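Asks: Chains B and C: place on chain A using the hints.
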Amino acid sequence: MAESRRRQANIRSSPEATAAVLPELVALLRQNRTELREEWARRITEAQLLTAMTKEEIFAEATSIYDNYVDVLETGAVEALQAYARNLSERIIPRGVETNEVVGIVLLLRDVLARSLFKKYQSDFALLNRVLDAYEPAANRIAVTVSVGFVQERERIIREQQEAIRELSTPVLPVRERLLILPIIGVIDPQRARQLTEQLLRGIRSNRAKVVVIDITGVPTIDSTVANHLVQTVESARLLGATVIVTGLSPEIAQTLVTIGVDLGKMNTVGDLRGGIEEAERLLGYKVAALAEAAQ
Amino acid sequence: MLVPILKQGQYLIASVQAALTDADLLKLRDALTEQVGTFRSRGVIVDVTSLDVMDSFACRTLSDLANMIKLRGAETVIVGIQPEVAFAMVQLGLKLEDVATALDLEEGLEFLNRKTLQMRHGIKPPR
Amino acid sequence: MVSNPLDKIRLAVKSDVDIVLCRQKGREMSVQMGFTYSDGALIATAISELARNIVKYANVGEISISPVEVGGKTGIQVIARDEGPGIRNIDLAMQDGYSTSGGLGLGLPGVRRLMDTFEIVSNDSSGTKVTTTKWRR
Numbered sequence: 001m002a003e004s005r006r007r008q009a010n011i012r013s014s015p016e017a018t019a020a021v022l023p024e025l026v027a028l029l030r031q032n033r034t035e036l037r038e039e040w041a042r043r044i045t046e047a048q049l050l051t052a053m054t055k056e057e058i059f060a061e062a063t064s065i066y067d068n069y070v071d072v073l074e075t076g077a078v079e080a081l082q083a084y085a086r087n088l089s090e091r092i093i094p095r096g097v098e099t100n101e102v103v104g105i106v107l108l109l110r111d112v113l114a115r116s117l118f119k120k121y122q123s124d125f126a127l128l129n130r131v132l133d134a135y136e137p138a139a140n141r142i143a144v145t146v147s148v149g150f151v152q153e154r155e156r157i158i159r160e161q162q163e164a165i166r167e168l169s170t171p172v173l174p175v176r177e178r179l180l181i182l183p184i185i186g187v188i189d190p191q192r193a194r195q196l197t198e199q200l201l202r203g204i205r206s207n208r209a210k211v212v213v214i215d216i217t218g219v220p221t222i223d224s225t226v227a228n229h230l231v232q233t234v235e236s237a238r239l240l241g242a243t244v245i246v247t248g249l250s251p252e253i254a255q256t257l258v259t260i261g262v263d264l265g266k267m268n269t270v271g272d273l274r275g276g277i278e279e280a281e282r283l284l285g286y287k288v289a290a291l292a293e294a295a296q
Numbered sequence: 297m298l299v300p301i302l303k304q305g306q307y308l309i310a311s312v313q314a315a316l317t318d319a320d321l322l323k324l325r326d327a328l329t330e331q332v333g334t335f336r337s338r339g340v341i342v343d344v345t346s347l348d349v350m351d352s353f354a355c356r357t358l359s360d361l362a363n364m365i366k367l368r369g370a371e372t373v374i375v376g377i378q379p380e381v382a383f384a385m386v387q388l389g390l391k392l393e394d395v396a397t398a399l400d401l402e403e404g405l406e407f408l409n410r411k412t413l414q415m416r417h418g419i420k421p422p423r
Numbered sequence: 424m425v426s427n428p429l430d431k432i433r434l435a436v437k438s439d440v441d442i443v444l445c446r447q448k449g450r451e452m453s454v455q456m457g458f459t460y461s462d463g464a465l466i467a468t469a470i471s472e473l474a475r476n477i478v479k480y481a482n483v484g485e486i487s488i489s490p491v492e493v494g495g496k497t498g499i500q501v502i503a504r505d506e507g508p509g510i511r512n513i514d515l516a517m518q519d520g521y522s523t524s525g526g527l528g529l530g531l532p533g534v535r536r537l538m539d540t541f542e543i544v545s546n547d548s549s550g551t552k553v554t555t556t557k558w559r560r
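Protein chains in written order, with the numbering used here: chain A, 1 to 296; chain B, 297 to 423; chain C, 424 to 560.
Excised from the complex, chain A in its bound form:
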């Protein structure tokens, strides 16, 4: 067996030969678990990675990653590691751990393990080659899985925050029974327009609103996509049984709407917010009068 290994001393070994050394590799890493784990944790501290975490925390996480790592080498299935990486990211992102630290620690583990392999098989170059052929692709895959998991989690958090900011940026205000006001300020992109619509529709339902005033005084420009979205908002509000009044169309926006041929027939428009609210009150059957006048 040892002889046949030596005879076949090409740089790359066959896939069968690679697969054959994998159990040995896994057994070796399990056997030296304590020592290698400690070495890894030491290197992490030395490289000043994960400084937001205590030594004990680092060691606990290192243990979990190590065990997951060996499992992936053994089975080739990354699902458990993926789930762990997501879970780990969820815990450490709020503590300010950066992408380079996560990539750094995975690469360190890769290095620690590779060095241990060099040490063990230094006398048998052909065998070392086969072991590395088995080890390298799996180790790369693990490094990618953990890094991608971290980045995806970060992106998810960023998206969530963007969503939250957007929701805050456009409040749906119930000013009177059955009357909602939606003041829109700033640039509307298609994504925001869509969100506005969804928020408004939910608002209509939860407040049992009958009339909605959308004030776009604070909107500098509108393109045809957004204009169409506005029309769609008006139409979908009607399907829920509410009437929409749009106020505060600037001269520029009025020009755009007419130029691009938006069907304005379905839109109730009133010059300014005040006029819009008055119209809304009329539709709802309110009559606002000064006290003296009402007393007469």
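FYI, nobody ran anything at the bench for these hints, they're computed from the structure.
All figures in this text were calculated on a predicted structure; none of them were measured in a lab.
Where hints are given, some of them may not hold.
Said to hold, decoys possible - Derived DSS-like pairs (lysine-lysine); straight-line CA-CA distance at most 25 Å:
| no. | chain 1 | residue 1 | chain 2 | residue 2 |
| --- | --- | --- | --- | --- |
| 1 | B | Lys323 | B | Lys391 |
| 2 | B | Lys303 | B | Lys366 |
| 3 | B | Lys323 | C | Lys479 |
| 4 | C | Lys552 | C | Lys431 |
| 5 | C | Lys448 | C | Lys431 |
| 6 | C | Lys496 | C | Lys437 |
| 7 | C | Lys552 | C | Lys496 |
| 8 | C | Lys479 | C | Lys448 |
| 9 | B | Lys366 | B | Lys411 |
| 10 | B | Lys303 | A | Lys266 |
| 11 | C | Lys448 | C | Lys437 |
| 12 | B | Lys303 | A | Lys287 |
| 13 | B | Lys411 | B | Lys303 |
| 14 | C | Lys479 | C | Lys552 |
| 15 | C | Lys479 | B | Lys391 |
| 16 | C | Lys552 | C | Lys437 |
| 17 | C | Lys437 | B | Lys323 |
| 18 | B | Lys391 | A | Lys266 |
| 19 | B | Lys391 | B | Lys411 |
| 20 | A | Lys266 | B | Lys411 |
| 21 | C | Lys479 | C | Lys437 |
Replies: Chains B and C only, in chain A's frame:
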């Protein structure tokens, strides 16, 4: 699945319970058009609160229904369209333009009361 | 490389009962995959229209619904396939208001608006295949 039709005073109320097939929708349309005459009803409310999809066929059938009821001398109002459903309908290009809509059953009844009152007094309804 | 525990669903479409089943399955998958309720309604409506097209123009066909991963984005892919007469003029069929059945003519352009990607292949000999995706936000 059959949609139960409830007679409430001078109105008929149909509460659509779950996902309807095309055949069910057509049956509902025919039953309402029939019964509006039998009971001499002044108005029809179709409650679609439980519907989670309104596609082109459902819209066309409801719109046809409203027009047929109109020809039979009564008013129709569709109530309870869910926000998500309304959004999807408009994206698809369905607006139910010629059909009256209201938030829920209560609003629908109020709409019909107002409508029939106007009719009785010979007042032309606005819009 | 991210695997998904949900399997592809394939449904035969022959009648209006199947249309309801298809959109319910699409809705279920959208919930399991974490789509918003509102996007679930868009997906279910698109499936309903696609299945309706099959029943209306080809009599029989198939809808398949499956999770997809492309470049880190997760989505639901809906494929509608039939061996019907095919669409002679796709450009025309994609125009709003065009319909050969006397219907509303909103089917295909509407589906394109409801979903994020839309692809159609159609000819006389092999029928029509519409592939469309909605990404999870």
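Asks: Hinted pair, alpha-carbon criterion (25 Å max): Lys479 of chain C, Lys437 of chain C. Please report holds or violated.
Replies: holds (10 Å)
Asks: Can you confirm whether the C-alpha distance between Lys448 of chain C and Lys431 of chain C stays at or below 25 Å?
Replies: The given pair, whose Cα atoms are some 11 Å apart, holds under the 25 Å limit.
Asks: Taken at face value, is the distance from the CA of Lys391 of chain B to the CA of Lys323 of chain B at most 25 Å?
Replies: holds (23 Å)
Asks: Could you grab the alpha-carbon distance between Lys496 of chain C and Lys437 of chain C and see if it respects the 25 Å cut-off?
Replies: Violated, at roughly 33 Å.
Asks: Would the pair Lys303 of chain B and Lys366 of chain B pass a check requiring their Cα atoms to be no farther apart than 25 Å?
Replies: holds (18 Å)
Asks: Just to be careful, I want the Cα atoms of Lys366 of chain B and Lys411 of chain B compared with a cutoff of 25 Å; is the pair within it?
Replies: holds (12 Å)
Asks: Do the alpha carbons of Lys411 of chain B and Lys303 of chain B lie within 25 Å of each other, as the hint requires?
Replies: Within the cut-off at roughly 18 Å; holds.
Asks: Verify the proposed pairing of Lys303 of chain B with Lys266 of chain A, using a straight-line Cα cut of 25 Å.
Replies: With Cα atoms ~34 Å apart, Lys303 of chain B and Lys266 of chain A exceed 25 Å; violated.
Asks: Holds or violated: Lys391 of chain B with Lys266 of chain A, Cα cutoff 25 Å?
Replies: Holds - the C-alpha atoms of Lys266 of chain A and Lys391 of chain B are around 11 Å apart, at most 25 Å.
Asks: Quick one, are Lys266 of chain A and Lys411 of chain B close enough, alpha carbons at most 25 Å?
Replies: At roughly 21 Å apart (the allowed maximum being 25 Å), Lys411 of chain B and Lys266 of chain A satisfy the hint.
Asks: Hey, Lys391 of chain B versus Lys411 of chain B, does the alpha-carbon distance stay inside 25 Å?
Replies: holds (21 Å)
Asks: Just to be careful, I want the Cα atoms of Lys552 of chain C and Lys437 of chain C compared with a cutoff of 25 Å; is the pair within it?
Replies: holds (16 Å)
When each numbered hint is compared with the structure, violations occur for hints 6, 10 and 12.
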